[in-house]
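With the hints as extra help, turn the sequences into a complete structure.
To convert, count from 1 in the first sequence and add 76; that's our numbering.
There could be a bad hint or two in this list.
Straight-line distance between alpha carbons at most 25 Å, and here's what the computed DMTMM-like set of lysine to aspartate or glutamate pairs gives [what the hints assert, rightly or not]:
1) K330 / D355
2) K92 / D652
3) K198 / D349
These aren't lab readings, by the way, just hints derived from the structure by calculation.
Predicted model, so just to flag it, every value in this text is computed and none were measured.
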Amino acid sequence: MDEKIAKVVFNIPVNKEFDYLCTQENIDKGKRVEVEFNRRKMLGIVTSISSKTSITNLKSISNICDTYPSLSEEKLEFAKKLAKKYILTWGEVIFMMLPNYLKRIKFVDLPPLLSSYIGKDKSKVFVKLNSFYKRYQFYKKQIQEILENNSVILCLPLIDYLKEVSYCIEEDFPGKVVLVHSSNSSRENFLSWLEIRKGRRLILGTPMSLFYYPEDLGLIILEEENSPYYSQQKKPYFNILDIVVMLSEFKNIKVILSGNYPTLFTYRMYKEDKIILVDGYREDKRIEILDFKNFYYKRKNLFTPFVIELMRKKLEEGKNILILWSRKNYSLFLRCNQCGYVIKCRRCSSYLKLSLEKKLCVCSWCGYYENIVDKCKICNSGYMVPVGVGIERLESIVRKIFPEFLVSRGEVINPPGIILGNYNFFNFFVERKLDIDACFILDIDNMLSLVDYETTFNAFIYLKKIACYVKDIYVFTHNPSHYIFESINDSWEKFYEKELSLRRQFNFPPYGIMVKVILKGKDKNKLLKRLESLYNRLKEFNLEIFGPVEEFPFKVRDNYGGALVIKGKNRKMISDICGQVIQKYKSSAYRITVIVR
DNA sequence: AGCACGCCGACT
DNA sequence: GTCGGCGTGCTC
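Okay, here's the thing in structure tokens:
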């Protein structure tokens, strides 16, 4: 018996290769194939060719969809590494490396693959500069040099940034730049992917471009590596910095990381002499930390006479001021002034927020909304009172205080005036290089009150980034003795040392591993039972586990969520255990998501 | 993932 | 009696 067997993976959450008989010639690793799988036609990727199998009634491959492999052997191997680390299936990661156009069963005549390039230099550099153009001057020569023989990826956190800088880069590298981002159509995306396949390109892209990396990749540049957009908030929950470092190790190629301040991962590498720090950023602006308590004149009032005077002074000088506020809508909830009833979402365990602009009560989790009611429908005598300050309400407060000045939200105005916005809006401002004289941050306590090991660090990055672009920055807090404020105007390294020692002490990343396992399902009690049983199973391995805890919010769109958080030192051991155990707790009614940090 | 099979509760 | 919901298990 000398039959050829192809091992095939699919885009399904089952970590398994399926064997098919090769009855045709030209079946090869990395090629897309059409096969029958569980009574359906499915697109699979051939991961290897073998001569043995343990399965008896093999089906054969129906059609080959590629002339040349879609993915190289090297990429398949890298996908395997990623899958292991992030507790995903091999197939899921492999399919992320394909443009959507190739995810359908369709014959495509691809050009041949380049041979895999393995570099000789995996040195890492962190460029500490506070603007893209300064950093770009630093990269430019190196990009030129690498492009002679290889490809370069320049990764930016957001599409908006990418579009902003693409013109100047395209001018410097005419005919070399390939743009990769998700706002491209499926067709455009596929054309970019094909272009990349030719090699010797400068790939300018969002994080997804890393999955399209070419065989001849010789340099990766990660712009603003401390950007929160690199810790994916959705589906696969990758950490882009981590992927960049893995890829550089895997291909033995150079990496340049950049930003005004490094991540703690990078700082740790620097401390361990694994990365070179190029520090050209000296002008650290003073961030004024002001204690709310000293300026109270009414309880719970954000705008104390002191704050108002400070703002008025700037406005009278003819300047624009920016007030950052992270809460949307008008109020955080609506409560009856008689019986205390609060309007909740029908599908989630959250309160409905009042939006006067939309003239609705809205759920920020599922999009559910209902009309505004004045009278309480429970006691029928009280009135529904908006509680808490959202940005709509903040706007009306500001308008009352400064009736003589322009007030805008998300709009560009001529100075003097007051602009209100959230942090995303601030990013938008940065990109437009708008001139903001003073920034008032009134809600840093909301940020610091989150129960998450990363919040203090994120708050630091947030404040420092604002300080880069604004002349005066005023931060108001009820908790000025918090350690973030102790060193914020000192040397940045002092804060990093403090934060790093805390992370080390409690085994948080970048020292330990954190795995959050989220279980979701419609039946609350069964969900909790299942979570409990998963907890007990994991406990057998002597792991440090928190939980079970309820997700916040506990219920979204009629689905309950509960989680376990596993923490420890040994990354490999913990992800191996999770990979094995979690598989068995998956079902279609109780979905599992895993976040690895 | 997506689909079949099987088990229980509701209802012409 | 059988229709249909969802939980479970399997796919080369």
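Of the numbered hints stated previously, which ones are contradicted by the structure, given in increasing order? As far as the earlier hints go, not one is violated by this structure.
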